[in-house]
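Trainee: Here is what each chain is made of, one letter per residue.
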Amino acid sequence: MRAFLIPVLFSLTLLGCGPFEEVFVEKDLLERPQAKRCSDCHADIYKEWKESRHALAWKSESYRRESENYTKTKCLACHAPHQVDPEKKPKLRAEFKDDGVACVACHFKEETGAMHGPLKVWSPPHPSKQDLSYTKSSFCAGCHRETYKEWKLAKSSKSCQDCHMKSLGKKDLIQKFPFYLFHRAKPRHSHRFTSLIASEEDIKVWFEGGRLYLENVGVPHNLPTADQGDPRLYLIARIAYKDGKVRTLRRMFSPQAENALAPGRPVGITITNAEGVSSIKIKLLRKLSWKKEKELILSREIHGEGLPGQVRRGNPEGGEGVGKDSEG
Amino acid sequence: MGRKTLSLLLAGVFLGASTLASEVVLKKPPESLDNYYPPKSKKWEFLSKMHAMSTYFYGINLNINNEDWKNALRWAKELKKEYVATSKMVPEWKEYFKPKLADELVKAVESKNVDNVLKAAQALGKTCAECHAEYQLSVKLAYHFPSFESIKLEDPIEFMEMDTGKYMEKMTNSLKALKIYLMQGDKDNAAQAGEEFVERVRALKGMCSKCHTSKLSVEAIMGKEYMSNLDKLGEVLSSGSGDKGKVFGLLQKATSACMKCHNVHLVPAVVQEKFEK
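These protein sequence lines map, in sequence, to chains A and B. Throughout the first sequence, residue numbering follows my numbering, covering 1 to 328 in sequence. Throughout the second sequence, residue numbering follows my numbering, covering 1 to 277 in sequence.
There may be inaccurate statements among the hints.
To be verified - Anything over 12 Å on all C-beta distances counts as not near chain B; from chain A, calculated: (1) E31; (2) K97; (3) H116; (4) I197; (5) E201; (6) N259; (7) G264.
Claimed, not checked - Listed below are several chain B residues computed to face chain A (Cβ distance under 10 Å; list not exhaustive): (8) T86; (9) P156; (10) E158; (11) S238.
Said to hold, decoys possible - Not everything, but these chain A residues come out facing chain B in the computed CB check (under 10 Å): (12) E66; (13) C75; (14) V246; (15) R251; (16) F253; (17) E258; (18) R265; (19) I269; (20) T270; (21) K294.
No wet-lab data here; the hints were simulated from the structure. Cβ atoms here follow ideal geometry from the backbone N, Cα and C, with glycine treated the same way.
Make the full structure from the sequences, and use the hints.
Mentor: Spelled out as structure tokens, the structure:
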């Protein structure tokens, strides 16, 4: 099918470039349509975005409640932005607020009247402009302000996009027939904006001088991180003593309480009667702002004075099983 | 009658009730007042009527002092209009309003007789003062503070959600345990109770942003200096030195926030609880 059609369609272009381009320009695309409209061509990207928290930024029930039913004006702009520019706090959009943080806000720029993106493309339906700021963390910084500050301090070589918009390899940007026939596959990045979940290797745990230490060694921003949400990290340590006694120690870490685990800054917790400790079983769980369930990050056992015990991954008590990625 | 006396007497219309009263009354505000305050309405309609009436009252005063009777009449009429409108807002309060007295004030201004105006103004002012004596404070307390009732805090030690009162109790108990263990010379348990107290105070700070969108308010009570003192307390406790003097010194600063925060929030919270708001 594809092989047969290409010669036919190419013969159309022989009629001249000008009329061809005009035939395919779809003017309404530059008049801030709903995200759904972009799916006419960018069907795959739309599907990913639709599953993302960005698509729910306005409709989220917890957000609706905390913004006092959209009456706290301070709260609105980042959850339904008009235009996203690097490191700038956006302004509130007038139309289609239900779309939350959507395609047009992130890609359409008033100044050029074009869709900006990371690639050099030929896109007859709408003008496009290559703009390398899309590949940098500063693109996310206008909204994820606290996280961006933390990320800068961590001096990571990886950008937000490297982790939260993972490369999908080369794929078609558009799915619409017959346009996709004119375009080669290009580097694609997941618009699922997944929250991820820290891995065992991201967190170092040890016992030394009577204290239990935790250190975020792998995530280049606080764990957990937030601007307005209230995500949490839970530590449950079951301490077994040589005399048979068992004690459970619990701690909660959160951006709101200002005790989230900053990259490279160990946090120590005193263990009473440390000399008598025979082993410590540790569980670390996290709860995202918008989720009820806690998810297991690590489960580990430490024996004696800092001797590393076996490492294993299991289910949290009464919690859900988890994969490496919160997409499941 | 000189100008000065007139302004003084008109001012007395408002001061009257509050200077005479030797006790404070807090009556539970009627339910239909809810309609004019958050969360039901963000426009504070009842309060703006109060401001309007008070402004128009002053308009009469001001213009009579300038011997501008025409404008004085204008504000007397506006006052009557607002007074009548306000009397219809809260059915339970109908009896407090005497629209006839507002009408008499208009007539007194029309007569251009200062003595008549004074008498009528005082009579009308008394209706304002009577209601204020019973309700002004309770309305301030009940409606100007969002409720702590709806706020749930998660205890950072037991991972359970609880209301503010229960949380305060837990936090206070770990504070008391710390003091007792310290005085008993039980370093280990003091360290444990102390760290739990510190964690609970930290998590309490997370609650402020549920109401305050400006960091300034929060910083006023739990600012950088306060938090670094709290960190230091945590460190001294976990060093296991059991240095009583040091710990009590740091505790004094750590508990300064309790009193400051109570000064601002506790009275309204307790009154609201009593009114079941």
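Trainee: Indicate, hint by hint, whether the structure satisfies it.
Mentor: Evaluation of the provided hints:
1. E31: At about 33 Å from chain B, A/E31 clears the 12 Å cut-off, so the statement holds.
2. K97: holds, 19 Å
3. H116: With a cut-off of 12 Å, A/H116 remains clear of chain B, as the shortest Cβ separation is near 32 Å.
4. I197: holds, 19 Å
5. E201: With a cut-off of 12 Å, A/E201 remains clear of chain B, as the shortest Cβ separation is near 26 Å.
6. N259: violated, 6 Å
7. G264: Given a closest Cβ separation of 17 Å, the condition holds.
8. T86: This hint is violated: B/T86 lies away from chain A, its Cβ roughly 25 Å from the closest one there, beyond 10 Å.
9. P156: This hint holds: B/P156 lies near chain A, its Cβ roughly 4 Å from the closest one there, short of 10 Å.
10. E158: holds, 7 Å
11. S238: Holds - the Cβ of B/S238 comes within 10 Å of chain A, reaching about 4 Å at its closest.
12. E66: holds, 8 Å
13. C75: Result: holds, 8 Å to nearest chain B Cβ.
14. V246: violated, 15 Å
15. R251: Cβ of A/R251 sits 6 Å from chain B, so the hint holds.
16. F253: holds, 8 Å
17. E258: holds, 7 Å
18. R265: violated, 12 Å
19. I269: This hint holds: A/I269 lies near chain B, its Cβ roughly 7 Å from the closest one there, short of 10 Å.
20. T270: Check passed: Cβ of A/T270 comes within 4 Å of chain B, closer than 10 Å.
21. K294: Hint holds; A/K294 Cβ to chain B Cβ min 9 Å, cut 10 Å.
Of the hints listed earlier, those the structure fails to meet are numbers 6, 8, 14 and 18, in rising order.
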